[in-house]
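J.: Full structure from sequences and hints, please.
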Amino acid sequence: HLTYSAIPKEFWREQCLILQYAEQLSITDLAVFGNSSPWSVINRFKQAILLTIATPSGLGQQEMLRFNQHLTEWSPHCRLLSIEKYTPGLHTLFIDLHADDGPQYIENLEDIKDIEWDSHSWRIIDTEALIPAMENEITKTRDKLASIQLHRETLQRLQKQLGSEQKRLFNRIEKRDTFTLAIGISAIHWMLSHHIGINDHDVVRPACYMNAFITNIGHNDAPDIWNLYRKAEMSSTLGGGLTGKPVEYETYDFDVVDESANGFKLKLKQAASGLKVGELISLHKGFNGTGKHFGLALIRWLHRTIDDEFMIGVELIAPHALPVEVSLHSENESSNLQHKMRALLLPELPAIKQTAALIMPNTFKKNQQVLLQNQDGQEDELIILKQQKSQGSSYAQYQYERIERKTRHTSKMPFNTQSNDDSLDSTWELL
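Residue numbers are given in the numbering used here: position 287 of the sequence shown equals residue 663, and the series is strictly consecutive.
By construction, these hints were calculated from the structure, which means they are not laboratory data. Careful, some of the hints might be misleading.
[To be verified] Pairwise CB distance ranges (calculated):
1) E685 - E449: 38 to 44 Å
2) W677 - F409: 26 to 32 Å
3) E777 - E399: 51 to 57 Å
[What the hints assert, rightly or not] In silico BS3-like links for lysine-lysine, alpha-carbon gap of 30 Å or less:
4) K645 - K661
5) K385 - K643
6) K645 - K385
7) K661 - K643
8) K641 - K661
9) K741 - K765
10) K742 - K762
11) K661 - K385
12) K765 - K661
13) K741 - K762
14) K652 - K385
Idealized CB from N, CA, C, for every residue including glycine.
T.: This is the structure:
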């Protein structure tokens, strides 16, 4: 269940009861399989914690198997401490043994004396000794000395989730709050653009394969250029083109039911178009997106309840994004203009050594040259797509590098284009 699907209800309550029972009998170090210490009751409990934090649904099958093998080595480096040993800035995760919530981020425990509820069931998850072990594994992976090769990105992501960075990427929220969700790149782009279609192209641009023409583009009261290009209704080329109000994308209000170390469990009382596992969504706090943009996320699981409500589990992948437009680079400038598409720019985060990345339609491929333009309409920036970080059903995420644009020089050879008897002689003289 931890590897391939959402955590079953009552799973953590059962695990916590087993641990408490073992603590009462002083058998937490008892091996439940063989005679090895990593297979003790306490270490198996800690392995479940690490497996949950690692978000295994985001890993490939082989990578998941390799990671699972590492858990027996890493679990002894992880400690469970009483709440009195909490150190602000050092500890970022805890688990309540009387609840079914699993590992969670510490919200605000700067002053332990202000805790009004019974905290004897709380255990601080101390990963201070685990981080150096993982850094050592990263070194081995880089030098190809590790017996079990894990991807470096997997190790670095897990380090962040375990709290090796004191400044977290995301601000947590209270339960029972509400999010407005935009589903898919187009809707996310529209929301981040403050509900304005990006129509900064003042030329007639034909949607060639749809037999439709777009005219009078250039202002916010014009149709959304990409929506018309991709979803235009059939119209006659003599009909004067397509006109209309700015395109509006449907958004949905979700209630926050629960939160985990790296995501949320959300509830929707009606079906939402485009809702599927692996889809990209944008979270906006408050009803109708009235609050500030909260982050990008992926739908990791969903199911329909007997009350016809939809429960979805989402994983946060970025704290914010910028709406941009992209197109494949071509020497033909009109071609560059015709095929512009929406994309999302994830800015660089130097504090955690995270480079900038682009989330774009999965029609783009590695090593392609792309023109990138921000919403402010500055001059296109030429980039090349490098390593693909992730891919979904409708998007791909790439790291990229900037390319210095070369000045185009047009050769002006004084060829004689007239057809006469001396044309061959004149060409020979030029050579």
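J.: When the hints from earlier in the document are held up against this structure, which numbers fail?
T.: When the structure is compared with the hints, none of them turns out to be violated.
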